[in-house]
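Colleague: Guided by the hints, dock chain B onto chain A, whose structure is given.
Protein chains: 2
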Amino acid sequence: MVDFLLNIELHNNSSYQQQIREKLVQLINQDAFADKALPPSRKMAQLIGVSRNTIILVYESLVEEGYLISRERRGYFVDPDLPVEANLAVEDVHPLSPSHAPNWGKRLQKNLSQFTSLNKDKDWLKYPYPFIYGQINAQEFPTYQWRECSRKVESRGKVHEWVEGFMGEDDPELVTQIRQQILSKRGIVAQADEILITLGTQNSLFLLANLLAGEKVTFGVEDPGHADLRQIISLCHSPVKPLALDSEGLQVGQQLKECRYVCVTPSHQYPTTVTMTVKRRKALLEQARKDNFVVIEDDYESEVNFIEKPLPALKSFDQHGRVIYVGSLSKSLSPGIRIGYLVADKKLVKELRKLRHLHYRHPPANNQRIIALFIAQGYYDSHVRRMRRSYEEKWLLMQQGIERYLSACEIHSTAGSFCFWIGLPESMPSHLLRAAAAAKGILIESGDSLFSQEHAPKNYIRLGFSAINHDKILPGLAILGKLIDDLQKAI
Amino acid sequence: MVDFLLNIELHNNSSYQQQIREKLVQLINQDAFADKALPPSRKMAQLIGVSRNTIILVYESLVEEGYLISRERRGYFVDPDLPVEANLAVEDVHPLSPSHAPNWGKRLQKNLSQFTSLNKDKDWLKYPYPFIYGQINAQEFPTYQWRECSRKVESRGKVHEWVEGFMGEDDPELVTQIRQQILSKRGIVAQADEILITLGTQNSLFLLANLLAGEKVTFGVEDPGHADLRQIISLCHSPVKPLALDSEGLQVGQQLKECRYVCVTPSHQYPTTVTMTVKRRKALLEQARKDNFVVIEDDYESEVNFIEKPLPALKSFDQHGRVIYVGSLSKSLSPGIRIGYLVADKKLVKELRKLRHLHYRHPPANNQRIIALFIAQGYYDSHVRRMRRSYEEKWLLMQQGIERYLSACEIHSTAGSFCFWIGLPESMPSHLLRAAAAAKGILIESGDSLFSQEHAPKNYIRLGFSAINHDKILPGLAILGKLIDDLQKAI
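Residue numbers (the numbering used here), protein chains in the order written: chain A, 38 to 528; chain B, 38 to 528.
Worth flagging that the hints you see were computed from the coordinates, not collected in a lab. Mixed in with the good hints, there may be bad ones.
Because identical chains cannot be distinguished in the list, a pair is counted as satisfied if it fits within a single copy or across any two copies.
As the list claims (entries may be wrong) - Only pairs whose alpha carbons sit at most 25 Å apart, straight line, appear in this in silico DSS-like list of lysine-lysine:
1. 477 - 278
2. 253 - 147
3. 294 - 143
4. 80 - 60
5. 387 - 60
6. 147 - 278
7. 391 - 147
8. 495 - 294
9. 163 - 391
10. 509 - 163
11. 73 - 195
12. 278 - 159
13. 73 - 431
If we strip away everything but chain A, and leave its shape as in the complex, we get (with noise of 0.2 Å):
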């Protein structure tokens, strides 16, 4: 009878309870124990190898929670009122017919598979170097500073106030907080009603490629740029014109006259890290109020600046409504949490709002609260403030490296930024030399998705540094400078 639980194998991965309740659960619901009664604990406890407490207190969770029932003198039994709801009567289910089922490529009113994603590894961390880009080093995160929010934010008194959602609207905490701590470090002043919250930057600009996007509305994104935000614009019907760069950042002029929405990345260029100049921005906004466009600024890497304060946004030199800012906590906190958030016209943010509510509702409750108590209790700054210091000795060890090892190489630094953006010699195709590292345990980027036009160089990568753990830097570009050499000789 109780033979089947020998194969409970434990691992010290989670708590020998969780182990064994989740184990008893799944057992009872294939009714496993039918109307018998459960192994003793003292039995139990030797067949598993744990103490007879850690038996006896799932045991009585279980009971707690409606799955057992305690006999006197007799043991535990399953509840015989407990429904059996996995025997549900299935009597029709045969193997499918694939002759009868719908032709799915027929039916697909987009064609997803055109678009080329940036090839990112999602085993990324099974790799000694992980130069990789916008993946975070988990063991900064500040998990103490995250669980105390999220226990206050989840306790007994607390849960009503998000559990039941917010109807479409923001959690008006995380607003106050996203205005007064981080639009304001950004030079933006901005009312609540010119907020929106989202599930992160990629969001952002689909709910506004959504609702401003259309045939005959051209929207310029720069080249080399966000590969993401060119499909998101087609995927919306716009025509997505490729914009020139230079030194100081987007071109102005004669390229941006036919455009309705221009998408600029002004802090650090998107990928070269160039920051536009403050002449460059004031032209920018000259011209859009001239040419009638709207500027939809991308304010990914905002806080970082090694050398020198970082200039303020480019929304906050905006004087006719004419800037688009969007923002995210997913580079400086966490990718997997999903919180960003727009600044925009509030009759915009009152359409993006319907529209959201459309999408999906709003982005989950819990964790914009425990967002607003982690930023209001100055975790969120002083995590940004740690991450700085962390970065900045990385983007040290960085340029060291590079200029030891990747001497054949083109290299464009800046004094922000979680990346270097490298030309490689130009004979080497980046798909090449991302193929060879890889094979030495070095993830590096190819640049080739990030150009708009298929005729553009193929001799680009990115250097990410903002996963990689320090001590793995220098090592990495060693080899990596090695192989650069090797492969230079061989082709």
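Modeller: For chain B alone, coordinates are given in the frame of chain A:
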């Protein structure tokens, strides 16, 4: 100097430490202390009326977080290295010049104001008798169990499993739990690659419409039915065909012939609560095969039937891959957490996953992992069982009360669902009753916006009982009944 601190008005809604720290972080950010010492702990404690220990703990935590430094015998000071970013130079901010602002009215590509939403009152908690649908009673949320799972998932050894996000994938543990413990109870056998995690039913439907709708692709929607679904489909440019119902649920036959997609709510028709008979289910699937349409099954209230065993999902009868199944935890656990799932052909799921990646990447990873554990530990099932008992009691009270007090009305009583669909006397417009009831503290929903046609009946209301307390049901219905009688005399 410290006078402004006097306006820390402490309340009992959160801990004193939390409130004082929040206030001090605010003051430090405003540079209120400059280079002067903070008030000594003893003085500060007297000033705001808390123990000295509380102040010392707050000061020390701010030292820990890099806001303060402690100087021997001189007290606590703001760390002079703390960047004062609130004072970013924003030379150019003038008041907005509205004459140069974009004309947003002309720029919107979607007219969202055409969509009338169910007029849900976000202040519903303030009504003594909230007969509202889709909300829950926060006191019944399994706070203790949720916190236990949250605490485990957010522990130092576990954070790394979710804080980086899932790169467009889903939490495999959540997918496993949904397969084994939720879908199995609905008679559905699904592989992991046939499941997509979403932000709830609304989000599942939006992703489907975004991928499958188009100008010549007709979607059939029950009438009356889910108003936001009609809006999503229109937003995605598909024609919406209203579909007639009868006492067995959706009518099959001629009216479905021109549909490429048929959206149904078989377990309890939304909003009339009728359960589709087995005979009708089989006829619907047979016609789907013959006329080559696909059925989208919204199983929003699946797990509830107060009288007999609930029928398995329509999807469980599906032999030809013609049913897309949509479910969520909003009704059973919390509408605030925003987690749902869909089951479909793996080719379709693969495309939907790509689309979701462009929309918002993935639902927040911490919530996915917490819910996975919550289900695995048996807490979800045991919560559903508890709620079923609670709802059954309420449902019986509702039946009693409606019979006793609403005798002038036509009642559509069914054995499941968290609401009653009620026809008022024909001459009584539901919006009139809604307004009159609200004035007496009773919140009811007018059915008007759930019908698709303009000449639809105006005398239907929905009475939900998931959020209202047991002891408010009979008194609330008594007042409502009196109001209906009075109104009938007055009209």
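Colleague: Please work out whether the CA atoms of residue 80 and residue 60 approach to 25 Å or closer within one copy, between two copies, in both situations, or in neither?
Modeller: For residue 80 and residue 60, the Cα distance is within 25 Å only inside one copy (17 Å; across copies 56 Å).
Colleague: Treating 25 Å as the Cα threshold, decide for residue 73 and residue 431: within, between, both or neither.
Modeller: neither (61 Å within a copy, 34 Å between copies)
Colleague: Is the C-alpha distance from residue 253 to residue 147 at most 25 Å within one copy, between copies, in both cases, or in neither?
Modeller: both (19 Å within a copy, 14 Å between copies)
Colleague: From the Cα coordinates, with 25 Å as the cut-off, is the pair residue 278 and residue 159 best called within, between, both, or neither?
Modeller: Neither: 31 Å inside a chain and 42 Å across chains, both beyond 25 Å.
Colleague: With identical chains treated as interchangeable, where does the CA-CA distance between residue 509 and residue 163 reach 25 Å or less: within a copy, between copies, both, or neither?
Modeller: Answer is within; shortest intra-copy Cα gap is 13 Å, inter-copy 57 Å.
Colleague: Evaluate residue 147 and residue 278 at a C-alpha cut-off of 25 Å and name the case that applies: within, between, both or neither.
Modeller: Result: close both inside a copy and across copies, 21 Å intra and 22 Å inter.
Colleague: Up to 25 Å between alpha-carbons, please classify residue 391 paired with residue 147: within, between, both or neither.
Modeller: both (24 Å within a copy, 11 Å between copies)
Colleague: Checking residue 163 and residue 391: alpha-carbon separation at most 25 Å within a copy, between copies, both or neither?
Modeller: Cα proximity of residue 163 and residue 391: across copies only (24 Å, versus 42 Å in one copy).
Colleague: My question is about residue 477 and residue 278: at a cut-off of 25 Å on alpha-carbon distance, are they close within one copy, between copies, both, or neither?
Modeller: For residue 477 and residue 278, the Cα distance exceeds 25 Å both inside one copy (38 Å) and across copies (58 Å).
Colleague: Quick one: residue 387 to residue 60, C-alpha cut-off 25 Å, is that within a copy, between copies, both, or neither?
Modeller: neither (48 Å within a copy, 31 Å between copies)
Colleague: Checking an output row: residue 294 and residue 143, CA cutoff 25 Å. Within, between, both or neither?
Modeller: between (39 Å within a copy, 19 Å between copies)
Colleague: Is the C-alpha distance from residue 495 to residue 294 at most 25 Å within one copy, between copies, in both cases, or in neither?
Modeller: Neither: 29 Å inside a chain and 52 Å across chains, both beyond 25 Å.
Going through the hint list in order, the structure does not satisfy hints 1, 5, 8, 11, 12, 13.
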